[in-house]
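Enquirer: Add chain B to chain A, keeping to what the hints say.
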Amino acid sequence: MKHIKTLVTRDLKESMKKGGCGECQTSCQSACKTSCTVGNQTCEKAR
Amino acid sequence: MIHQYRNNGYNIVMDVNSGSIHVVDDVAYDVLPLAEQLIEEGVRDADTLTAAVEVCKKLPYSREEIREAVEELLTLTREGTLFTQDLYEDYIHLFKERQTVVKALCLHIAHDCNLACRYCFAGEGEYHGKRALMSFEVGKKALDFLVANSGNRVNLEVDFFGGEPLLNWQVVKDLVAYGRSLEEPHHKKFRFTLTTNGVLLNEEILEFVNREMSNVVLSIDGRREVHDRMRPFAGGQGSYDLVVPKFLETAKSRGQKDYYVRGTFTRNNLDFSRDVLHLADLGFEQISVEPVVADPKEPYALQPEDLPVLMEEYDTLARELIKRKKEGRGFNFFHFMIDLSGGPCVAKRLSGCGSGTEYLAVTPWGDLYPCHQFVGNEDFLLGNVDEGICRQDVVEQFRKCNVYSREKCRRCFARFYCSGGCAANAYHSHGTINDVYELGCELQKKRVECAIMIKAALADEEG
Numbered sequence: 001m002k003h004i005k006t007l008v009t010r011d012l013k014e015s016m017k018k019g020g021c022g023e024c025q026t027s028c029q030s031a032c033k034t035s036c037t038v039g040n041q042t043c044e045k046a047r
Numbered sequence: 001m002i003h004q005y006r007n008n009g010y011n012i013v014m015d016v017n018s019g020s021i022h023v024v025d026d027v028a029y030d031v032l033p034l035a036e037q038l039i040e041e042g043v044r045d046a047d048t049l050t051a052a053v054e055v056c057k058k059l060p061y062s063r064e065e066i067r068e069a070v071e072e073l074l075t076l077t078r079e080g081t082l083f084t085q086d087l088y089e090d091y092i093h094l095f096k097e098r099q100t101v102v103k104a105l106c107l108h109i110a111h112d113c114n115l116a117c118r119y120c121f122a123g124e125g126e127y128h129g130k131r132a133l134m135s136f137e138v139g140k141k142a143l144d145f146l147v148a149n150s151g152n153r154v155n156l157e158v159d160f161f162g163g164e165p166l167l168n169w170q171v172v173k174d175l176v177a178y179g180r181s182l183e184e185p186h187h188k189k190f191r192f193t194l195t196t197n198g199v200l201l202n203e204e205i206l207e208f209v210n211r212e213m214s215n216v217v218l219s220i221d222g223r224r225e226v227h228d229r230m231r232p233f234a235g236g237q238g239s240y241d242l243v244v245p246k247f248l249e250t251a252k253s254r255g256q257k258d259y260y261v262r263g264t265f266t267r268n269n270l271d272f273s274r275d276v277l278h279l280a281d282l283g284f285e286q287i288s289v290e291p292v293v294a295d296p297k298e299p300y301a302l303q304p305e306d307l308p309v310l311m312e313e314y315d316t317l318a319r320e321l322i323k324r325k326k327e328g329r330g331f332n333f334f335h336f337m338i339d340l341s342g343g344p345c346v347a348k349r350l351s352g353c354g355s356g357t358e359y360l361a362v363t364p365w366g367d368l369y370p371c372h373q374f375v376g377n378e379d380f381l382l383g384n385v386d387e388g389i390c391r392q393d394v395v396e397q398f399r400k401c402n403v404y405s406r407e408k409c410r411r412c413f414a415r416f417y418c419s420g421g422c423a424a425n426a427y428h429s430h431g432t433i434n435d436v437y438e439l440g441c442e443l444q445k446k447r448v449e450c451a452i453m454i455k456a457a458l459a460d461e462e463g
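Listed in order, the protein sequences are those of chains A and B.
Using this note's numbering, the first residue of the first sequence is number 1, and each one after it goes up by one.
Using this note's numbering, the first residue of the second sequence is number 1, and each one after it goes up by one.
Only chain A is shown next, with the shape it has when bound in the complex (with noise of 0.2 Å):
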């Protein structure tokens, strides 16, 4: 493409159909004590 150039695809609805699972870190165990974190947390079963 000439005008756009795409850094991510992601299909985030694809996640609804296996996700959930909840073995993933609580965010605010990770660093972050006052203020919620979530986005940048690693998904368990990409680990």
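Just so you know, nobody snuck in bad clues.
DEER-style ranges, computed between Cβ atoms: (1) B/Asp460 to A/Lys17: 29 to 35 Å; (2) B/Ser341 to A/Met1: 14 to 20 Å; (3) B/Pro60 to A/Glu44: 47 to 53 Å; (4) A/Met1 to B/Glu183: 47 to 53 Å; (5) B/Pro185 to A/Met1: 53 to 59 Å; (6) A/Glu44 to B/Gln37: 36 to 42 Å; (7) A/Glu23 to B/Glu327: 35 to 41 Å.
No lab work stands behind these hints, which were simulated from the structure alone.
By construction, the Cβ of each residue, glycine as well, lies at the ideal position given by its N, Cα and C atoms.
Expert: Just chain B, lined up with the frame of chain A:
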């Protein structure tokens, strides 16, 4: 829904519902707003779209350029990476009905502290109550409670928190040993974290921490004058010179991973990017520096009028981080870390941090609260380690709390990155967990924008 913004010379377009990210030129950037409106109305014809954009927008581009951009937007729309719909709200009823289990505890191993930090939400370690140390017996019951309430979850997290947990170190060690003894019979795996101010850190403790703790959070605010102003001993003397060498040794001994130096910035250091860079210059590679959460009446509390300066600080930090990464001397800034292609599933993004359901705080005497920030507020006392959860009604409030239960989140582009934000911050600013802390939201949105721009800039370099 899309969100488009310019940062550091990049035109970035986020397709919020799919999670796709595009970097576009000025033509596509300027065509996008009207194209979005028309495409959402069902227009799919390139000629019609081009003509409409030409007539309505008076853009300084040729018809050919506009048409090319329109065709590319239509291609992405067909591919499902642009103008996608929010399908998740329909899924929320399943989410509300889900069975949750407890998978993480924040153990308040000591409601006491050897520092007197001025911004401490724990009231210098005492949580506005009495000084207390958790006994081994209470801690043991907490771990038993966790195992018993964790269902099929294998990974269980326990954070030794305070006050200052090293004031009760023997109990920490005994609880780690007890937790390990539960792993095999119950098919569980404990991941322990220690959060410490470093004052009592020594070789013996570090050896144990490196053997047993999955993560260690080291509290330091940045430059000496900034740190010492807010993190003094009770007598007023600073703690920077004492803790920095210990933290450097800790980071080195852990191979520069599985730790964070974690600081808090306040109105006293609005130029907090300098503190982050100071920590990086000291040699730390895993850095988290967060905005203070405080009563707005406190002189150090951040105010809405500070936002422009703070936004510029995040931009400055982002540019410097890119520069250093390109030079091979990068570091991780917790709030700029973002996994665009992987990251959490939708269920996680809708539910947030899990406070009050998956994550609970335990006081030294065994009371259970939704998280460490609610400790001491009797309205949120959920139960205790002997009787378990007694206030299911409060747990239900937290279970039902999600990005769609907060009106202000429903149209926010950052909702799948912050998951509705911190319930405690919302409660402290509006008296309900189903609201948001607006100042925190503005900073969060800025961090998401910077984090994505950094990815674009680093990809640019690779390309």
